[in-house]
Amino acid sequence: MTADLLAPRGTRTGRRAPWALMYHSVADRRAGDPYLVTVDPERLGRQLRWLARHGLTGVSMRELLAARARGRAAGLVGLTFDDGYADFLTEAVPRLRHHGCTATVFVLPGLLGGTNSWDPDGPRKALLTADDIRAARSAGMEVGSHGMLHRDLTTLDDVELDLELTRSRALLAEITGVEPDGFCHPFGALDRRTLRATRRAGYRYACAVDPGPLACTHALPRTYVGHADNSPRLHAKRLRHRMRGGDLADPIAVPQGGDA
Numbered sequence: 001m002t003a004d005l006l007a008p009r010g011t012r013t014g015r016r017a018p019w020a021l022m023y024h025s026v027a028d029r030r031a032g033d034p035y036l037v038t039v040d041p042e043r044l045g046r047q048l049r050w051l052a053r054h055g056l057t058g059v060s061m062r063e064l065l066a067a068r069a070r071g072r073a074a075g076l077v078g079l080t081f082d083d084g085y086a087d088f089l090t091e092a093v094p095r096l097r098h099h100g101c102t103a104t105v106f107v108l109p110g111l112l113g114g115t116n117s118w119d120p121d122g123p124r125k126a127l128l129t130a131d132d133i134r135a136a137r138s139a140g141m142e143v144g145s146h147g148m149l150h151r152d153l154t155t156l157d158d159v160e161l162d163l164e165l166t167r168s169r170a171l172l173a174e175i176t177g178v179e180p181d182g183f184c185h186p187f188g189a190l191d192r193r194t195l196r197a198t199r200r201a202g203y204r205y206a207c208a209v210d211p212g213p214l215a216c217t218h219a220l221p222r223t224y225v226g227h228a229d230n231s232p233r234l235h236a237k238r239l240r241h242r243m244r245g246g247d248l249a250d251p252i253a254v255p256q257g258g259d260a
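When the letters of the sequence shown are read in order and numbered with the UniProt record's numbering, they come out as residues 1 to 260.
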């Protein structure tokens, strides 16, 4: 029997999850925002200034986890942008660079230059192209995978699951010249089978939303940030993370090429 990815329920490492913020689109919200995934560019700027005022620097997940491994993560917060919207390059990157921040953008190599077809109520938003992804990386941003087509991995059979994880990683390696370290579970949906598959696909970490008892290096919890998050709300979310940010589970190594 293949070893489980996570230790038995209740076994924790004593390592608390790092604080990571979850963004999506940065754009004018007048076109509509039914899923509350869009932050106005000026609001993003104010949120980044809030971080600076409180002694925090936004960094990519790769930087955050590397600093954490060295015991030097104090004052750092992870910044992530899901779905790979084209406005990440045009609106988010200039503001991130202005404030001395980096971030991780999780992209969909199966939908390059497409739109957010998984959101039935729209509005339609353009996604990054291959050239855009290379430009974001050249600007100092980390590029991670969000799967091929933004599908709920828990609903897929083993063949489709493997395609979403391994094919997207291979395509991003072709685009950027580097295999991505990070993955982001679409819709925040995961279970033990998808966690094992993510680890086996070669990702060094993966982001989730609120994974509960499954929180581990391949299911890192994040704090949602939206347009309504002003200074008092960010204070509250930071405090909530300090009070409720649970310990990470102790992962058990999965043999390379082992069964899911």
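Hints are supplied without guarantee of correctness; some may be wrong.
Here are the simulated distance ranges between beta carbons [what the hints assert, rightly or not]:
#	residue 1	residue 2	range
1	D131	A31	30 to 38 angstroms
2	K237	R15	17 to 25 angstroms
3	N230	V159	20 to 28 angstroms
4	G226	A170	31 to 39 angstroms
5	L239	D158	40 to 48 angstroms
No lab work stands behind these hints: they were computed from the structure. Since we're looking at a predicted model, the values are computed, not measured. C-beta: ideal position from N, C-alpha, C; glycine also.
To see whether the hints hold, each was checked on the structure:
Between D131 and A31, the C-beta spacing of about 24 angstroms breaks the proposed range 30 to 38 angstroms. The supplied range of 17 to 25 angstroms is met by K237 and R15, whose beta-carbon atoms lie about 21 angstroms from each other. Separated by about 46 angstroms at the C-beta atoms, N230 and V159 break the suggested range of 20 to 28 angstroms. A C-beta distance of roughly 33 angstroms is found between G226 and A170, which places it inside the suggested range of 31 to 39 angstroms.
Between L239 and D158 the C-beta distance comes to about 41 angstroms, which sits within the given range of 40 to 48 angstroms.
Comparing the model with each numbered hint stated earlier shows that hints 1, 3 do not hold.
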